[in-house]
Amino acid sequence: QVQLVESGGGLVQPGGSLRLSCAASGISFHFYTMAWYRQAPGKERELVASITSSFTTTYVDSVKGRFTISRDNVNKMVYLQMNSLKYEDTAVYFCNRHPQAFDQWGQGTLVTVSS
144 QVQLVESGGG LVQPGGSLRL SCAASGISFH FYTMAWYRQA PGKERELVAS
194 ITSSFTTTYV DSVKGRFTIS RDNVNKMVYL QMNSLKYEDT AVYFCNRHPQ
244 AFDQWGQGTL VTVSS
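For the record, in the sequence shown the residue sitting at position 40 is 183 according to the working numbering, with numbers rising by one throughout.
No lab work stands behind these hints, which were simulated from the structure alone.
For every residue, glycine included, the Cβ atom is placed at its ideal position computed from N, Cα and C.
Just to be clear, a hint being listed does not mean it is correct.
Unchecked claim - Here are the simulated DSS-like cross-link-like pairs (lysine-lysine), alpha carbons at most 25 Å apart as the crow flies:
(1) K229 <-> K186
(2) K219 <-> K186
(3) K186 <-> K207
What the hints assert, rightly or not - Estimated spans, in silico, between C-beta atoms of each pair:
(4) T255 <-> T211: 19 to 25 Å
(5) P157 <-> V203: 17 to 23 Å
(6) A244 <-> R209: 28 to 34 Å
(7) T211 <-> Q156: 16 to 22 Å
(8) R162 <-> S258: 17 to 23 Å
(9) S197 <-> K229: 29 to 35 Å
Given the sequences, and given the hints that come with them, work out the whole structure.
Right under this line is the structure:
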């Protein structure tokens, strides 16, 4: 059974940093491209960053140079280091497979950027 558990969100001031973590279980983790997605209030879920099994990364333009995705295949973890956070980064962040997400999503972790 697929299980994805996100953590690390919180309240941070503009310009601050957070590191999100995602623990995966029930999947052959090392085979898949994994990604972070986010959903802001009143908006659709969007892809933020992805990382292939060979560690190739891609980012949406709005986070390039500020966010870094990484993975640990041994421990089945995905991370998102977020620096220089902006108000518009406020959202619930989820991890999942990419491009075909698993049906089972985690609960997400809320990131609130506010002064």
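Consistency of the hints with the structure:
In summary, the hint linking K229 to K186 is supported, as the alpha carbons are separated by about 17 Å, within the 25 Å threshold. Proposed proximity of K219 and K186 is contradicted: the alpha carbons are some 29 Å apart, above 25 Å. For the hint pairing K186 with K207, the CA-to-CA distance comes to about 20 Å; that is within 25 Å, so the pair holds. The supplied range of 19 to 25 Å is met by T255 and T211, whose beta-carbon atoms lie about 20 Å from each other.
Separation of P157 from V203 is about 19 Å and conforms to the stated range, judged on CB atoms against 17 to 23 Å. For A244 and R209, the Cβ-Cβ distance of about 24 Å falls outside the hinted range of 28 to 34 Å, so the restraint is violated. Between T211 and Q156 the Cβ separation comes to about 20 Å, which falls inside the hinted range of 16 to 22 Å. Between R162 and S258, the C-beta spacing of about 21 Å keeps the proposed range 17 to 23 Å intact.
For S197 and K229, the Cβ-Cβ distance of about 30 Å falls inside the hinted range of 29 to 35 Å, so the restraint holds.
In summary, the structure is inconsistent with hints 2 and 6 from the numbered list given earlier, while agreeing with the others.
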